[in-house]
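Mind docking chain B on chain A? Use the hints.
Residue numbers (the working numbering), protein chains in the order written: chain A, 1 to 427; chain B, 1001 to 1142.
Hint data in this document are derived by calculation from the structure and do not stem from the laboratory.
A virtual CB, placed ideally from N, CA and C, is assigned to each residue, including glycine.
Do not rely on the hints blindly, as some may be mistaken.
[Claimed, not checked] Restricting the straight-line Cα-Cα distance to at most 30 Å, the calculated cross-link-like pairs of lysine-lysine (DSS-like) are:
no., chain 1, residue 1, chain 2, residue 2
1, B, 1097, B, 1011
2, A, 267, B, 1042
3, B, 1011, A, 267
[Stated by the list, open to error] Chain B side only, calculated, beta carbon under 7 Å to chain A, not exhaustive:
no., residue
4, 1079
5, 1080
6, 1116
7, 1138
[Said to hold, decoys possible] Taking CB as the label site, the calculated pair distances span:
no., chain 1, residue 1, chain 2, residue 2, range
8, A, 423, B, 1095, 30 to 38 Å
9, B, 1062, A, 271, 40 to 48 Å
10, B, 1128, A, 405, 53 to 61 Å
11, B, 1128, A, 269, 32 to 40 Å
12, B, 1139, A, 13, 52 to 60 Å
13, A, 182, B, 1029, 39 to 47 Å
14, A, 347, B, 1135, 38 to 46 Å
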Amino acid sequence: MKLTGLSFDALPPIDLPFRFFICAPFFMLLCAGVILVSGESLWLSRWQPSMLALIHGFTLGFLTMVMLGALLQLLPVIAGIGIVKPRPVACFSHALLSLGTLSLMAGFMYFDALLIYSAMLLLALALGVYIAALIWVLIKKLSQGDSIWGFRLATFSLLVVTLLGLALLARNLGVEWIPTTKMVTNVHALWGLTGWAGILIIAVSFQVIPMFHVAPAFPLWVRRFLIPAIFIALILSIAFPTLGLAAINGLHAIFALVLLFVIHQRKRKVPDTSIRYWQLGALALLLSSLLFFIPETLWNRYLAVNKTHLLVALFLFFYLMSIIQGMLLKILPFLSYTHLQQRCLINFEAMQYIPNMHEFLNKKHGQWLFYLHIISGLLLIFVLAWPSLYAAFAVSLALESIGLLAIMLKIMSLYFAVNTKISQAAK
Amino acid sequence: MTSIPDYMTAKHRDCDEVFTLAEASVAKGNWELAAESWQQFKDELLTHFSQEEDTLFPAFEQATGMTGGPTQVMRMEHQQMRSLVTDLEQAMSEQNKDSFLGLSETLMVMMQQHNMKEEMMLYPMMAKNLPQGDEIIASFSA
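Bound conformation, chain B alone:
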């Protein structure tokens, strides 16, 4: 059985790895390789967001009664990241290296400060407040 913090944190790291691969390929001008890693990153990221927004956040909100607090801020930051992902796709399709690297740097910082909040506070709280946490995670990896 994997806990919420372990599983979700590992997913953050997976996203970082493929993101870094995509970014490095763009920096080298290898757009084909970049597109491959980028697609993988985007799929992982959006799946992760929907696992949180559709399952984990509602369960947490229900268990704690906190609807307007942390999960709301996390949802807003997801929106910010989604919008950066759209901009990055645009830069990718135009093969605009400068724009891509400027945006990727922005997304990286945005993503990491978001991850810190989740990993240090939100996930541990979920683990504490959601007795069914391990089952939820099992359903994700199924």
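Just chain A, same shape as in the assembly:
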């Protein structure tokens, strides 16, 4: 553990995480648009170009977008220091990630080589710079927490996902860096969902759930071994996909059960939408992990839904997206509050203007978003069985994204209004 460099860097400027967060609902809205214009045929195969556009809209435009924004805030807390030069890194990565994801989605939809080339360049730069900045922080031996290894392995997974993604795009354009098998695509998808997003969420949960909800700590063996075990299973899955996937699903089921147990044991039981998002996410993870073990032949005899599609829908929409939304509902009002309050430390008089977290985010609005998310998720499951219902899912998803956007805009506009008031009071 080194002392030099430790600063707890109070806080990165608020517009840096905000710019990532505000783009996420727009990408969700765009996904709703893709679903609406693609029609029924979208749901026939995972290899449909518009399905690739949709999946990357969710994973890059929504999940990765929010996660990169949230890391700016989480790193000083979990690793002891933040990203060096946060403004240029965040502004550059954010702009290029937004443009790159748009090009990628359009490139898939219209199969345009120029769009794919620009997506490759933009995403390589956006993620490359951010990953380099993360590595710079995470190689330092600063923290004693159990989460830090999770952050490191998640960052490494993101690097793997990015490199494989680039190679896959190059293959589409006729540049054969990698063999033409579906294996590489599967590794890319699995490392993205389970390595990058999954490990990061698990690492964050070890800290967030016990502390914010006054729950017992996760058992020591879970904190020590779960993340390395998942990572080993990910590596195993490259050579032995069936074995690796079974191990990953088994480990996820264990995590989901422990998470539900820890949440159940919490002492702080005031109504809280974020914790309901966590519970929903844990249940979905448990369900998808258990369903995995139903043999394909048995599945096809009794269930009309493609197994992989259902598992990915549960994992991506009901697990990852639920937890990310739940965390946004905490991070947005907290960041707004704490930034304004820090400004008032030199002018205590102005403290009276600062709204508390519930005034930034009306609890009812958070609940509505939660219900909308459940409705959208259920409609997604229905669409997998009856693709003709696609328009209902698209509309629900659009409403959800507008709801999230409205919540964000209200918080941000209140932030800026109070910020101006504080400046005026200082004069």
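Positioned in the frame of chain A, the structure of chain B alone reads:
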């Protein structure tokens, strides 16, 4: 003998427990019970702050020569929390449930992100850099 990380982390948990009790009582509208737990929380919290600000932080700063870094940020966050405590007292005296719960949520998040920094980094560093750590803790519990 108790080490700095063990003792101070346990104190964080104690504060969380009484805080949660106060909050739950307010949510149920039981202001009398809430006032009791609240007073206990406030006493624990302010004692903890002063143990850090008056004893542990200066000792750490002296031992490491780091005066402008982590301890400065921790002091600032203590100020932020003290100000929230004042607002919460106000809400308590007015028996304003909505205001109390909005502020308690804010204090909770503020407190926990602060505690994470201390528990994962600052306390372990103190343990490493302050050979007299256990004696300091013994003087706290005396």
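Violated constraints from the hint list, given by number and in increasing order:
7, 10, 12 and 13
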